[in-house]
Structures are given as structure tokens and as C-alpha cells.
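Protein chains in written order, with this note's numbering: chain A, 1 to 385; chain B, 1 to 385; chain C, 1 to 385; chain D, 1 to 385.
Check the hints yourself; a few may be wrong.
[What the hints assert, rightly or not] Mimicking EDC-like on lysine to aspartate or glutamate, the simulated pairs with C-alpha atoms at most 16 Å apart in a straight line are:
#1 A:K30 <-> D:E292
#2 A:K30 <-> A:D47
#3 C:K30 <-> B:E292
[Claimed, not checked] Which residues of chain C face chain D? A partial, calculated answer using Cβ under 10 Å:
#4 T19
#5 A170
#6 Y193
#7 L226
#8 E248
#9 N334
#10 P338
#11 A345
These are calculated hints, taken from the structure and not from any lab test. Backbone N, C-alpha and C fix where the C-beta goes; we use that ideal spot for every residue, glycine too.
4 protein chains.
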Amino acid sequence: VIGIELHADWEPRNGYVATGAEQLSRRVNKGSMVWRNPQIRPAVVPDPAPGEHQVVIEIAACGICGSDMHMYECDAEGYMLYPGLTRFPNVIGHEFSGRVVESGSAVRSVRLGDLVTAEEMQWCGRCRSCRRGLFNACDNLEELGFTVPGAMAQYVAVDEKYCWKLADIAERTGSEREALQLGALVEPLSVAYNAVFVRNQHHQPGNYCLVQGAGPIGLASVALALAAGCALVVAVEPAVGRRRVAKELGAHYVLEPADDLDENLLHLTRGQGFDIVVEAAGAPTLTLTPLERCLSPNAAICHIGRSNGLTPLNLEAYQRRSAQVYAAQGHAGNGIFPSVIRLLASGQLIAGPMINELFSLEDAPIAFRRLRSRQDAKLMLHVNL
Amino acid sequence: VIGIELHADWEPRNGYVATGAEQLSRRVNKGSMVWRNPQIRPAVVPDPAPGEHQVVIEIAACGICGSDMHMYECDAEGYMLYPGLTRFPNVIGHEFSGRVVESGSAVRSVRLGDLVTAEEMQWCGRCRSCRRGLFNACDNLEELGFTVPGAMAQYVAVDEKYCWKLADIAERTGSEREALQLGALVEPLSVAYNAVFVRNQHHQPGNYCLVQGAGPIGLASVALALAAGCALVVAVEPAVGRRRVAKELGAHYVLEPADDLDENLLHLTRGQGFDIVVEAAGAPTLTLTPLERCLSPNAAICHIGRSNGLTPLNLEAYQRRSAQVYAAQGHAGNGIFPSVIRLLASGQLIAGPMINELFSLEDAPIAFRRLRSRQDAKLMLHVNL
Amino acid sequence: VIGIELHADWEPRNGYVATGAEQLSRRVNKGSMVWRNPQIRPAVVPDPAPGEHQVVIEIAACGICGSDMHMYECDAEGYMLYPGLTRFPNVIGHEFSGRVVESGSAVRSVRLGDLVTAEEMQWCGRCRSCRRGLFNACDNLEELGFTVPGAMAQYVAVDEKYCWKLADIAERTGSEREALQLGALVEPLSVAYNAVFVRNQHHQPGNYCLVQGAGPIGLASVALALAAGCALVVAVEPAVGRRRVAKELGAHYVLEPADDLDENLLHLTRGQGFDIVVEAAGAPTLTLTPLERCLSPNAAICHIGRSNGLTPLNLEAYQRRSAQVYAAQGHAGNGIFPSVIRLLASGQLIAGPMINELFSLEDAPIAFRRLRSRQDAKLMLHVNL
Amino acid sequence: VIGIELHADWEPRNGYVATGAEQLSRRVNKGSMVWRNPQIRPAVVPDPAPGEHQVVIEIAACGICGSDMHMYECDAEGYMLYPGLTRFPNVIGHEFSGRVVESGSAVRSVRLGDLVTAEEMQWCGRCRSCRRGLFNACDNLEELGFTVPGAMAQYVAVDEKYCWKLADIAERTGSEREALQLGALVEPLSVAYNAVFVRNQHHQPGNYCLVQGAGPIGLASVALALAAGCALVVAVEPAVGRRRVAKELGAHYVLEPADDLDENLLHLTRGQGFDIVVEAAGAPTLTLTPLERCLSPNAAICHIGRSNGLTPLNLEAYQRRSAQVYAAQGHAGNGIFPSVIRLLASGQLIAGPMINELFSLEDAPIAFRRLRSRQDAKLMLHVNL
């Protein structure tokens, strides 16, 4: 069977000493310190067989994530941009949907033929963090499409406990095809949901919300903020194509970054400031550092974007505002996936406009090249849609 | 100037001993123990003058609340139904909007001509509860239209700190008249908001919500639950007129009370149960006691309806569900009024269909008579609309 | 090997129709509807072998819980008092500690020789509730000592994910024996912790706390409230023996139930009321129903005691106080077990005085008989202590 | 009457343009941009008369705060170090206790002779923030001892709503003198309480807590963390005198800052990391920036220390830990003052060892000079103790 495989060379940077375990497993916490010359290509990959608690899913659609792009792109020295947990070669892809076509002997919660999506975070359920319900901070985390085979392929095997059914979306839309496309958006929507409604404990309907960056996660935040009753949703984004999608999703205002942004933003809130600020640009030094005057008292800053290096924050200004910063990663637990599916099934969460275009699995390299410009919101691969 | 005054006879029930302070002030905590033969009538009432921090508001519209009805209605022995804090004779009415026409010397936050609504809870700001920010539990509470002159009148005087501007609603709707009508709904919407989003600390977008009773507070809960991203909103209500309004507001299902309701409700949630249950019927013995099987794990029961007597609850069933009961009263503090106004101004909160008909101030008695049947959602008095 | 086995007759009450699954598995949700003539006796029981993720624990000590007593005691018709999930015959006992003596092939988190205790709630980790982190509401719950073999025995097998190490307690006390005795208290302490600090989201240091009932869970609540900075801890209990232990644990006041209790309690709080009320008497009709005047604004009622039937609550009074009722069951997740162990290890949580006397495994029937009078706090069986 | 007055020259720094309002009122938001050559001296100051809702307090004791020191100390160019809201000349001092000796006509909550302390944050109770209960973010804040006359004097006038009685402490200690000394610690204890238990919403008994900096606020954090059931409390502090007090208060470990601190701290937590980190050193670049590895999953960083400039934070590391930063300022609202008083009155909060020495009012300059070395924890002025 066919899958999109990412290869890279194991060449630890000067000064980076891989641990023995890393050398043995080729599984590293800081990908950008080790992997060089990444390349993707369609390849013949093993046909997965389900473990006792696993199902095999025939992939219908799989979106391309910003993280996928960061694994594919390199810096001036040829090192992969993505700074996180990785093992290569690996089939990538983790924002997906499909049909269950095979299931292990102990599987009880899904059936053959079910339309499903699945969590990318493969939390162990046994470590200290998992036992606290903090699955996103699992001590033994594997990540589908990063350290274990992913979903830009014809089939993928996952534990039933990561699977969530899409039947309610199909019922409302009356279209399996549409349900499967929306289903492939559940993962990025869940990443935003985790940051804005789970990590942030201050959301109240009527809040004013600022979203910095209108890539997929930023757009997901816009869509969710509107569905959850934010009374003002403002997106800031340099790419015109993405600004257009933010507008289509219903953002009240969509702005370009500018020097006097702080002042303009404050004006849009009628001087009251934003209650929620979502950093989804991966550039907190640009998006958070200058943002002082337009925070509401008790403001919550939800930091989702990934970035290397240190972010200088004016904590004194935050103190005057009784503000807080929530650092967010992942989408597991807390009813996040099923809540997003319910919102899509009820029609209250409008996410369809995020999808710009579908490509076949074989054309994945074309889609990756196109996304380099960061004008599109979401490009999606269709497999058996 | 003209106002709707409520008179009643001071005749403490057998066994009820009024305190000396109650006898002196005619201000009692349990109205239904003392007041007999209540009657309302248009009357000439004093023209209010503003205190240092007060404004005088020329009333535009004033809704009739369930509490107003309970002050007007009596039991078989002629005692007022309303069980709470009251002093009579008094001008009633507390769900209102109007224009600021006069202001005290120290007033800074509103100006002449501003369209405003105001909180009914007149919290002192100095007691132990107020200093904790728990204004709804103020130790020295006065209530506009209950213990101090209310808004079914041409003018009312209130402290600026209870006032909230309606300009943003007027700007969006392009109609001062519409803004003032919606403005008179802010108080009941805020009572629901307090219960569902402030007292209840478990709301997440995607929740399933059941609303027991579709009177004004139940309908406000329906409207807010939809605006806040509840993915399933079910209302239960015996009166056909109110069921119609619940449907117009967007409730996914509107049911009549029935014996096997528990089973049907569970089915609507696909076996998952409700995350939020709003008791807005004032009949918890009928609405909560039988409600065991259709609670989601971690369910929140928001009790707003007022009722005398004891409510038998199956706490063992609640334990199995890790459920909780939040007893809610009032609407003050926590950014509630401004959040409701923001939601109305953004167009995300649809409340207009709650208003069935407008009556002149003089026709208040006709409106009160009509509301005895509890078929209407909200009847509203227009004064200078 | 030897264990304390509980036998009972399968005789569903008139009107109770056991489901097919219940008949097949003899596993029923409502024990008191089905089981008659319960009897306990030391018996030869199977020697457990560890599954892949399991360890076998050699029991050191095992406390007798109120639930154990309720399985042992019957009503006038001979039916078991315990109303919950059960399967018989079964080895009972679930408040225990011991040493790991054997471990499955996949076990990573504990080692042979480790001193451990374990959770009684055997949550599946895969159901909808578990995936939300709500392990106490697991859809597929098994309970050690209720539906699967328990710890009043020489050995018990449990999944490593339920095990927590006691090494830090042993290090502080300098005594393995003391650590193992305290370790057998971790479960009841955790049940109280769950109710007062996890389910209840309003604890702040300086709170005033009332504990109704000074059985083991009530005493655990007293000990924890003191460790967590409650500035006033009052216990109410009819049995003189238990009142004595409450006093030893440090409760500021220990009272007998009385008619005018409400008034006296309010006085102890200097008129301010209690912020936290723990129902640990299993008699909410007696302990909660009359409790209106001594609630602080925003008071939290933590209901842990189990009781059949309906509890009449004055919700109107709760509304005036903005009070809430948290129904609590279990002890799983949320870092509860490790937090209790840390508190015992730091010396801040004083729980030792709860243990009245140790009995050998063979003398379990004597201990059960003695506990019928409910004068003792905790009787504990020593096995290989 | 006598008071300690602080004088400084109005010399805005190059580039700082004072607003018209600032020039008129001499009340500036950023003191360190404007005030030069600060000096303190005992002076004859006006005898305060109480307003309608005010009381006059005869001062018993007044502590010297880090902010007082920062108003007194200057940088190389002679500018005051304190960066916040100030107006000079002014009587300074805001951590105090005393006896009510005069009261305004409307005062109800305190009486002549009452022992009291009072909040320094003079929140207006009418602005948008105050109406949300966010008194610490009051839009019209005045600060006692910063913008209005303070408590290093014989008398001070304050609104009754800022006053809290010390009678319960006096009753427990049996000494008015001791109650008044502890009463003068309530303000700094409340600043710590606000950060650790109100702003931070993740405290659970059993948490591990790290306190960076053992000045008065750090020491207050140590004392509170212990009283609230933190199972491990570690303080880090360069000054030997302050480390000694941290130890006396009961901190489990007290360390000097060092290069490999991160590693050592992680070891003290047995590899589990700290759940709560309090920044009370005012040097977040030194104390937070390097602190990555010793954060527990879901860790809360409570930032109280004041510092100019930007603090570089590794948000990527915080994401991996699901960590959050709470920026904290003030002590008003939320039952903070009364909770601290209750904890002192119950004997659970041990704060007395924080007081190193008492000085007379006239010797204030000596005490200020001595505190320059930052070896003492709390120096306190006695007035009429």
C-alpha cells in the first residue's frame, strides 16, 4: 500500500549530543537539532495489522498541518525546522478521517464501517500525567505521523481509545463525503479548543477575542470563538489568502500586522481590551511582546504557536492587568474531540471554508510546495474520500 | 408622574412573628408570610431626584417578570405567592431600559441622553459579601421594584454603578427603539447567564443543555445556551405558546412534560446525557426529582426557579454521575450585564422573539391578567419607547 | 492462600427484575436489591497470578470500610444494606497496603519489594468518561473488593496503573510498619480529598469547614481540612468514641447532634457560616436538610455519605446563599492518591489516630462484629505487616 | 501629629512626557520615570478627620515594605527605583494595624476601639473592573501610602470598607500587642495569598512549591504554602539573614541561588517538578528564565515580584509542561484579608518569625538604611503599640 514517507539524515548539530536511547531508537525530542535534508515522497509502506485494541482505518482525507510543513522545510544549514518529538523515516499525516475496515479482538467502542477520526497524541494512560488526566503531558507520548506511522497513506492502525465517530456530522450534512472532510479538520480544531476553552479557564460568552495568525490553528480559533459566543473576534494575519478565509469564517475584523496595531486593536474593543488573546502565529516575539495596552483586566493569553528561543514578556504590564499566560499543546482528553464533533454536527461551528483545495495522495509533494507560501488555509489530501 | 403601584395588606400569617425591624420598615425577607390581598394600579408617584451618585432614567420599556406575577397573584388564603424580599406599597418593575435625563453631581460613567438599562440587585459594595465580589449575596441588599421604587413608571432613580449603556446595540440594530426593547430583556437574560455561565463552572462549548420550563428565564437560558455553543438545547414546557417561542429562538427540541420524559431525553442525547440542566420552571420536585438517568458524568444542575418547600433529590444517583447542583439567584457582578449586552450587540444572542406584545403603562393591569395563563413569554410595557 | 470471602444469596427483591447481563455475570449495580443473607468467613482462595500489566501484592494491612460493613449488615428482611455495584462470592477489602512480590512482563512503574497501596476504583481508561479524565465515573468500572477479588487476603493482583508507592512515608517515619499502616489509610483519605478539594472547586485556605459524621471518611475530612488550612474545623458525631478521635486529630470543636445545632454552629463561625460542609454521615436528611442558616455565601456542600432514598433540600435557601452541592464518589485520578501520600510523607497530614486497633486476618469476623456499634474510627486487619 | 514623609523632585526623564493630568495632580503611573532625589523624614503632618464612611485609626505598628524601599532608593541618575503609581510629597507606609479612634456618620461595620488593619488598595467600587469583582485592577485606584496619606504616622483615615478586625487574633494570642504586630503583617501575607491561591487556580493540598526570593513577600508565600498543605516548600534566596527566617518559618529546604539550581531543584522533587513556583525576587530574568526542567505538568508560575523591562520566557518548554503564568498584583477582594486573619487566628499560619526588629517612628530613617542590605525579613515601626 501507498504512503507519504518523510526521510531525513541523522546528523546531530555541532554540540548536540544524542542520548544512547535516542541513538538506538532514532526517536528524538528536539527534531531540529538532529534531522537534516528532509524529503517527502510517495512510497510503498507496510500494510498495518490491528493489535488487540486497535482498528485499521481506511483513510478518506488527511490535511497538511503546519507541523508537517515544518518537518518538510529546513533552515539555511539544511536542518529541519520542526523542533519537536520525531522519528524518521516515517509516514507523516495526523489530521485525518476514514472508515474502520478491520478491528482487533478486544475492540468494543467502534465497528467495521464506522466513519471516524482519531487523536494524534497517543497517550499511554498509565504514567503519572495520564493518571492525573493530563494526557497532553503524557510521559510516554507517541505521536501519530511523528514517531509512529501516520495517515497520509491508504491505511493506518490506531488504538480504539483514540477514535471518535463522525456519524452525527454525516447525519446532519446528509453527506458522508462532507462529514469525512470536516472530520479531517477535527484535530486542528481540537488543538485550538484545548487552548481557548480547556487550558484557559476564563472564557465567558461575550468575551472579546484576538487571534494572532490566521493559519489553520488561528482560523480554527476564530471559528471556535464565534461558535462559543465571543462577541468580538479579530484576526491579525499578513497573508491575504488567509485573511480572506478568516473573513469567510465570520471574524468581525481581519487586520494586517502593523506598527501601531496595539492602538487600533484597543480602539476596536472600545477601550476595554481583549479578554482572550490567541497566539497562533508561532511568532510570540512579534505578536505578544508589543501587546500590552489592549489587554482587558483578567485577560488570558493562550499560547499555541510553536517557536524556538525565548519570548520577552512585559510581566509588569501583565501584573497591572491581572493577566495570565496559558501555554497549550495537544488536544487529548477533557472531552475535546467529541465536543468539536458535536459542534460540527450541530452546525454551530462553521469550519468548511478553511479547506482551500483537495489533492490526491500522489500529489502530496505539489501540495507541500504550494503551502510554502502560507497563503492557503488548509490543503487536504483525498485518499478514499 | 405615573407609576404602577402594588399595595398589599400587612397581615402576618399565623405563627409568623415579624421582627421589630420588619414591623418598623415594612421590609420583609419572606413576602408570602406577610402580604395579603395584593393589588396593582396606575398611580401618581413622586418624581425622583438623583442623589450624588445617581441618575434619573426616563423609562422606555419595562418587562413583566415572573416575580412581578408572583407578587400580584395569591394563594387560596389571599397571601401573595412571592416568597422573597419585599416592601409595600411600592412601584414595581425591574426589567427596563430608558434614557438618562438627570444626573447627580458625582456621576462620571454615564451622561445625559445615554440609553441604559440597570441592575435590579442594589448591592451595597461594603459588606463582607460585596467585598468578596459576591454581590448577589449582598448582606444589605435592596431590590429595585421590590423594596425600592421600580421601573413601571415614567422615571426611576438609580446609582450609576448599576447602569449599563445600550449604545452598541443601538449601533448594530440601527434602531434606538429596538435597542431599548432588547435593553429591557438584559435583566432576565442576565439572571440566566449568572446561573449557566457564572455559578456553573463546567460550561464548555459542545455541551448538551436541557432547560426545564420555557418562561422568560427558561427562554433566556435557551437563547444563551445557543449563543454559547451548546450543541444540543432541549426545552421542556407545558404551555404551547411558550413552546412556540422556544422553537423560534432555535431550541433543537421542545417537549411537553410527560411521564417517560427521562427516557426520551436520554435518547435525544444519544445515551450520553445532558451536561447542563437548567431548572427554570420553579417546580424542582417535578423537574429535578425524576431526572436521574439523563445526566452526563460531571453534569451541572443550575437551579434558578424559585419554590417554597423542600425538593427531594436523589443524591446517590448524583454521586454515581459526579453531578453538582448550583443554586443561583440574581445577576450582579462578574461582568454579566455587559457580557449580555455585548452578545446582543454582536447579533449572536437572539432574544427578540421572546417579546410577545407591548402594552402601555396604563394597560399594565390588562397585561398582568393576560399573563396569568402563562402562555406568553414576555409582555412588555412601553412608556416612552 | 487465605482470604475473607463474602457470600450472599441471589434473591432479587419483589419487583426488581435483574437484567440478562446481571443474571449471567452476577454483577449488579444495586446490591441491596438482590443480595440476601450475607456472611463473611476466612476461606482458602486462589493464589493470584499477575497479568501483563499487573503486579501481585503481598498484603500488609487492610482497613475495614463503612462499605464493607454495609455489605456485611442487612435490613429487617435480610437484604444487604450496601446499595452499590457488587458481585459475590468475592474476597472483600480495598483499603490496603503491601509489598510487590511478583510483576507482569509489561510492568514498568513499580518494582519487586516496593511498598505500595492501590486504588479501589478499577477504571478502564478507554471509555468516554475515562477519556475525559473522569475516572470515578468510568462506564466499565470494576471495584476491588466489590466485583473483583479484594485485599482482605494474603495476596491481591492489581494493574500497575492503580498502584502508588509509599517509600516517602517510610523514609520520613523511619518505619516500614508505620508506613504500611498509614498506607492502608490512603484510600479513605483519598475519598475525602476527592470530595473536598477536587469535586469542590471553592476551597481556599482560611475556610471554615463543618464535617457531619466522624466515621472514617468524616475523620479523614477533618484531618485533610486541617492540613489544607481550614481555619475552623467542626465535627458533629453521635458516637463518643469517634468524637474522641476527631478531637485527637485536631478538630477545633466536636459536637453531638442536637435540635438547635444550626444555631450553635452559626455561633461558632461568629455568624459568618461555613464555607465547606462535608456530609460524611450517610444521613443527609438529618444532616443537610436542617442546615440552612449556617452556610456562608458561596458555600460548598460536599456529599460523600451514601444513602438510599431522596434527600429533601431547601433550594430556595441555597439560592439566597449562592450555595452548591457537589455529589462525590471515588478517589481516582486528579493526582489524589499521590497528593495524599505526599501529605502523609511531609508530616502535615496527621491520620494515625484514626486507627483504633489491629486484628489478624482470621479475626476479621470479630472486628466486623465490633464495628457494628460504630464507636471505633478504623479497625484494621494486619496480614504480613 | 507626626508622620514619615517622602519628598522627591518632579524631573521627568528625557523622553518621558507627563500628561496634563499628571502635571496637574502630580499623580503618575510610572514613578521611576519622574521622581528624583527621594528623601524621607519625620514631619508634622495634618491630623486626619474622617469622611462619612471613614474611620480614623491610631496606628500601632507599620511594616517597611519592599516598595517603600524602592521609593526610597534611587538608580545611578538619582531616579526613584519604584516603577508604579505614586504622588509626592506623601506620608508613606501601608502595612499597618491600629485602633479605631474616630468614625464617620455612616460607618456601620467597625466601632471605636476595634483593633483593625486595612487594605492598601483603595478600589473605587464603581468602575468596570470593580463591578466585575476585580478590585485589584480598579480603574480609579488610589493606594494608601503611595498616592494618599499612609500609615507611618500617628493616625490615618480610611474608608470602613477597607478595614478588617483583628479581634480573633487577639483572642487566640491573649495579647493585643501580638495581635497588632501580626495585624501589620496581614497586608504582605495577603499579597502572597492573592498570587498563590486566588490568581493561581491550581492549588491542591500536597502540591510542591518553590519560592524564589525570601524577602517579605517570599517569606509570606513560604508561610502560606505550609499552612495550605504544600507537601514540599523550597525557598531560594541569596541573603543569609533571610534564609534563616525561611528556615524558621518551616521551609523544607532553603537554598542559595546557583548555576545548576534547576538540576538540584528537580532532584528535591524526586523528579516530579514543582506544581507552584512563586516569583517573589523581582528578578524574573534570573529566577524564571532558567527554570524549565523543574516544572511539574500543569505547573503554575505566580509572578508577584515587580521588575522593569522584559522577561524572556521559554514558552515552548511551558507548552510541553502545560504550564501557566499568573501575573499578580494587590490583595483586594476575594475574601483575602479575612482569610489571612482567620489563618493567623487559628494558629495555622505562623508568620511571627518574619519580624526582625521594631523601631520607633522617629527612627524610621535608621530602619530604612539598615534594610538597604536586604538581610532582614521585616523591620517594623511601632507607634502606639
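Evaluated hints:
no. : hint             : in the structure
1   : A:K30 <-> D:E292 : holds (15 Å)
2   : A:K30 <-> A:D47  : violated (29 Å)
3   : C:K30 <-> B:E292 : holds (15 Å)
4   : T19              : violated (39 Å)
5   : A170             : violated (14 Å)
6   : Y193             : holds (7 Å)
7   : L226             : holds (8 Å)
8   : E248             : violated (17 Å)
9   : N334             : holds (8 Å)
10  : P338             : holds (7 Å)
11  : A345             : holds (7 Å)
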